[in-house]
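**Q** Here is what each chain is made of, one letter per residue.
There are 2 protein chains.
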Amino acid sequence: MKYIKKKLTIDRVTIQNIAKKFDTPAYCYSYNQLKKNIDNFKKSFKSFSPLICFAIKSNTNVNLIKEISKFGLGADVVSLGELMKALKAGIKPNKIVFSGVGKTSEEISFAINKKILLINAESKSEILEIERIAKKNKKSVDVGIRFNPNVDAKTLSQISTGKKENKFGIGEKDFLELTKYIKKSKNLNLKCLSVHIGSQILDVKPYENMLQALNKIIKKANYSFEYIDLGGGMGIDYKNDKKMLNLKNYSKNIKRFLKNHNSKIIFEPGRSIVGNIGTLISRVTYIKEGHNKNFIILDVAMNDLMRPALYNSKHRIMPATKIGKKVKKTYEFVGPICESTDKFLTINNFQKLFEKDLIVICDVGAYGMSLSSNYNVRPKPIEILIKNSKIKVINKRQKLTDIV
Amino acid sequence: MKYIKKKLTIDRVTIQNIAKKFDTPAYCYSYNQLKKNIDNFKKSFKSFSPLICFAIKSNTNVNLIKEISKFGLGADVVSLGELMKALKAGIKPNKIVFSGVGKTSEEISFAINKKILLINAESKSEILEIERIAKKNKKSVDVGIRFNPNVDAKTLSQISTGKKENKFGIGEKDFLELTKYIKKSKNLNLKCLSVHIGSQILDVKPYENMLQALNKIIKKANYSFEYIDLGGGMGIDYKNDKKMLNLKNYSKNIKRFLKNHNSKIIFEPGRSIVGNIGTLISRVTYIKEGHNKNFIILDVAMNDLMRPALYNSKHRIMPATKIGKKVKKTYEFVGPICESTDKFLTINNFQKLFEKDLIVICDVGAYGMSLSSNYNVRPKPIEILIKNSKIKVINKRQKLTDIV
Numbered sequence: 001m002k003y004i005k006k007k008l009t010i011d012r013v014t015i016q017n018i019a020k021k022f023d024t025p026a027y028c029y030s031y032n033q034l035k036k037n038i039d040n041f042k043k044s045f046k047s048f049s050p051l052i053c054f055a056i057k058s059n060t061n062v063n064l065i066k067e068i069s070k071f072g073l074g075a076d077v078v079s080l081g082e083l084m085k086a087l088k089a090g091i092k093p094n095k096i097v098f099s100g101v102g103k104t105s106e107e108i109s110f111a112i113n114k115k116i117l118l119i120n121a122e123s124k125s126e127i128l129e130i131e132r133i134a135k136k137n138k139k140s141v142d143v144g145i146r147f148n149p150n151v152d153a154k155t156l157s158q159i160s161t162g163k164k165e166n167k168f169g170i171g172e173k174d175f176l177e178l179t180k181y182i183k184k185s186k187n188l189n190l191k192c193l194s195v196h197i198g199s200q201i202l203d204v205k206p207y208e209n210m211l212q213a214l215n216k217i218i219k220k221a222n223y224s225f226e227y228i229d230l231g232g233g234m235g236i237d238y239k240n241d242k243k244m245l246n247l248k249n250y251s252k253n254i255k256r257f258l259k260n261h262n263s264k265i266i267f268e269p270g271r272s273i274v275g276n277i278g279t280l281i282s283r284v285t286y287i288k289e290g291h292n293k294n295f296i297i298l299d300v301a302m303n304d305l306m307r308p309a310l311y312n313s314k315h316r317i318m319p320a321t322k323i324g325k326k327v328k329k330t331y332e333f334v335g336p337i338c339e340s341t342d343k344f345l346t347i348n349n350f351q352k353l354f355e356k357d358l359i360v361i362c363d364v365g366a367y368g369m370s371l372s373s374n375y376n377v378r379p380k381p382i383e384i385l386i387k388n389s390k391i392k393v394i395n396k397r398q399k400l401t402d403i404v
Numbered sequence: 001m002k003y004i005k006k007k008l009t010i011d012r013v014t015i016q017n018i019a020k021k022f023d024t025p026a027y028c029y030s031y032n033q034l035k036k037n038i039d040n041f042k043k044s045f046k047s048f049s050p051l052i053c054f055a056i057k058s059n060t061n062v063n064l065i066k067e068i069s070k071f072g073l074g075a076d077v078v079s080l081g082e083l084m085k086a087l088k089a090g091i092k093p094n095k096i097v098f099s100g101v102g103k104t105s106e107e108i109s110f111a112i113n114k115k116i117l118l119i120n121a122e123s124k125s126e127i128l129e130i131e132r133i134a135k136k137n138k139k140s141v142d143v144g145i146r147f148n149p150n151v152d153a154k155t156l157s158q159i160s161t162g163k164k165e166n167k168f169g170i171g172e173k174d175f176l177e178l179t180k181y182i183k184k185s186k187n188l189n190l191k192c193l194s195v196h197i198g199s200q201i202l203d204v205k206p207y208e209n210m211l212q213a214l215n216k217i218i219k220k221a222n223y224s225f226e227y228i229d230l231g232g233g234m235g236i237d238y239k240n241d242k243k244m245l246n247l248k249n250y251s252k253n254i255k256r257f258l259k260n261h262n263s264k265i266i267f268e269p270g271r272s273i274v275g276n277i278g279t280l281i282s283r284v285t286y287i288k289e290g291h292n293k294n295f296i297i298l299d300v301a302m303n304d305l306m307r308p309a310l311y312n313s314k315h316r317i318m319p320a321t322k323i324g325k326k327v328k329k330t331y332e333f334v335g336p337i338c339e340s341t342d343k344f345l346t347i348n349n350f351q352k353l354f355e356k357d358l359i360v361i362c363d364v365g366a367y368g369m370s371l372s373s374n375y376n377v378r379p380k381p382i383e384i385l386i387k388n389s390k391i392k393v394i395n396k397r398q399k400l401t402d403i404v
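Protein chains in written order, with the working numbering: chain D, 1 to 404; chain H, 1 to 404.
By construction, these hints were calculated from the structure, which means they are not laboratory data. Be aware that a few hints might be false.
Copies of one chain are not kept apart here, so a pair can be met inside one copy or by any two copies together.
[Unchecked claim] Lysine-lysine pairs mimicking DSS-like chemistry, simulated, CA-CA at most 30 angstroms apart:
id: 1; residue 1: K173; residue 2: K325
id: 2; residue 1: K314; residue 2: K163
id: 3; residue 1: K387; residue 2: K6
id: 4; residue 1: K2; residue 2: K180
Whenever a hint applies, use it, and build me the whole structure from the sequences.
**A** Structural data, given as structure tokens:
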């Protein structure tokens with residue numbers, strides 16, 4: 001995204017042009033940025049060529065997943081629906097990993113039949129259920145165990161997943177017992193040790209602690225895992241202040257770790273692949289003078305983008321057309337929904353805005369559309385991909401008649 | 001809801017029976033409880049016979065709204081979609097009030113054409129837009145102005161709406177100016193003063209303050225409003241500790257207020273009409289022994305019921321079958337979604353649970369299904385109404401094929 005002659009553009013297509021053709025609100029993804037992210041991710045870890053499984057939950061648009069699949073990425077799925085989407089997007093089963101604490105019998109059966117790469121189990125009960133279904137179907141199933149390393153990811157409590165008070169993974173004692181159990185099973189092959197400590201991690205230190213914890217547990221288990229699945233969680237630069245996870249630094253740590261382990265690394269990145277490829281285009285419906293701030297009432301709402309209401313996330317906002325004039329008054333960007341949580345950002349020194357102006361909300365490619373809903377009976381936005389300066393609709397705007 | 005021979009029932013239908021027939025998760029509403037709530041609401045305020053406009057946003061199921069409509073209630077809508085739903089459910093336009101801070105031109109035009117009772121405007125810009133459209137269509141439109149009384153509802157900050165830092169309503173100075181403006185307009189009729197200070201209010205005191213603020217502003221405006229729309233916000237007994245808003249007490253306050261004002265009262269209740277009529281039936285997928293608690297992993301998730309993740313709301317959980325045995329260990333009820341926010345309740349002294357057991361999450365009739373999403377590509381639950389001990393499907397379970 002950059003301004004060309006004061007007009008904000010995505011790969012030379014102006015926001016104005018998109019809004020004129022497709023109305024607002026509209027999710028808009030940049031193929032160029034997607035390519036950059038994937039190239040950068042691959043390059044950062046090229047010394048050990050990991051299997052990169054895109055975390056479908058971050059963006060479930062099948063057409064976008066198709067593009068991601070063409071770069072050779074696999075998929076990390078957490079439900080039957082996500083597994084079906086990954087397959088529909090052309091991702092081969094041998095590149096699909098199934099994560100999640102509550103896989104149902106139906107989901108496990110489907111995954112076994114499709115012969116996906118790994119089912120990463122999160123509890124003893126789940127292992128027993130996979131074994132039961134494998135036995136019934138006379139199959140031998142490749143599984144992983146998700147280890148809970150009790151590491152603090154130093155991220156938001158809502159998206160921290162690697163501490164012992166979280167529901168995820170299995171603590172040391174149970175992990176070792178379960179390893180022994182699976183080794184003896186005729187219907188389960190223990191292939192993978194998996195771990196995932198949280199989301200939007202900006203510092204490499206928690207990952208270092210995680211690798212140390214893995215070293216210890218592998219030693220104690222005395223087992224050579226074919227795969228080590230390190231999950232995702234790599235943080236991106238939401239604030240535009242260049243603070244993001246140093247992938248190369250993380251890579252060095254993993255390389256060191258691999259000196260003692262002959263395993264293939266799996267990653268499950270979502271946000272770091274698609275987070276900054278997406279913008280949400282919106283039009284100012286009204287400007288309302290408040291007590292000590294002006295409310296910029298947008299046509300986009302919390303149903304379209306839930307992260308600010310759910311995690312108090314701050315997404316940068318940019319005007320579609322740059323004018324020189326700044327305002328002294330504080331601007332509070334809000335949506336039309338009847339809740340105080342339907343609020344995006346409070347900001348000083350923004351440029352002067354007028355009703356009907358276009359703005360974009362930045363970095364909404366991950367957990368944007370995938371968390372959207374029809375709250376207040378609002379239809380879901382259109383999704384657009386800009387590829388080689390061409391506009392491609394990859395998901396039509398929902399019709400009111402479909403939801404009334 | 002009560003236990004009959006240790007089986008939890010809704011109007012004599014057992015939870016087991018519903019789950020067996022329709023699978024889980026399932027939203028289940030009690031017609032009896034709905035009737036009780038509406039009767040109680042009407043009775044509490046009968047001395048001044050208000051127009052009760054059900055807040056559609058709390059539950060957007062058309063079949064349920066049809067039942068509510070049969071009791072003579074109107075609708076409070078906040079979007080074109082909600083207005084269409086209200087009309088589809090058979091609510092007459094002259095009982096429909098349109099609220100919300102960001103009504104688009106399309107929404108205003110539709111509302112004017114349908115001749116709804118009132119468009120309650122929330123800003124000067126909106127009033128100008130309504131006037132512009134009315135003029136263009138050579139119409140005269142009945143409007144209200146939402147006043148922001150700067151009253152603290154003493155509820156959650158996320159659902160407080162009546163303070164001056166909130167986006168809602170219009171402060172005193174602007175209110176008085178706008179009143180003058182509308183009085184002179186040829187295309188607008190100023191019919192209503194509206195106000196809404198927040199949600200889940202348990203104490204009558206904030207309402208008393210609100211009425212005092214209304215008294216003052218009406219005096220200053222020197223105008224006789226045909227309608228006074230007091231909004232909703234009446235809190236319900238989520239904790240089951242008998243703490244809920246005393247409607248009769250509130251009623252007395254309003255009666256006193258009406259001695260000085262010859263106006264018809266409008267209410268916009270949502271939660272107090274449908275909150276406690278809904279339960280969400282779920283099955284235990286796995287029980288996982290954690291460090292100092294057991295995780296009860298359910299087949300229902302934050303996509304089905306967002307309130308705990310969004311507002312940290314606590315909804316009571318009850319077993320479908322009562323057994324005597326209590327456990328000493330803490331139970332943490334969580335969903336299968338890969339987020340730490342996907343958590344419903346942490347509780348001590350619950351009865352001993354086993355995998356495949358059924359439980360119900362209580363009081364989910366308001367802002368349950370209406371806030372649901374397809375996050376993690378999970379289909380939305382079925383919705384069922386129990387009326388006269390008969391089970392009626394009022395919204396089918398979403399199919400995976402519809403969302404993949």
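**Q** Kindly indicate which numbered hints from before are broken by the structure, ordering the numbers from low to high.
**A** 4
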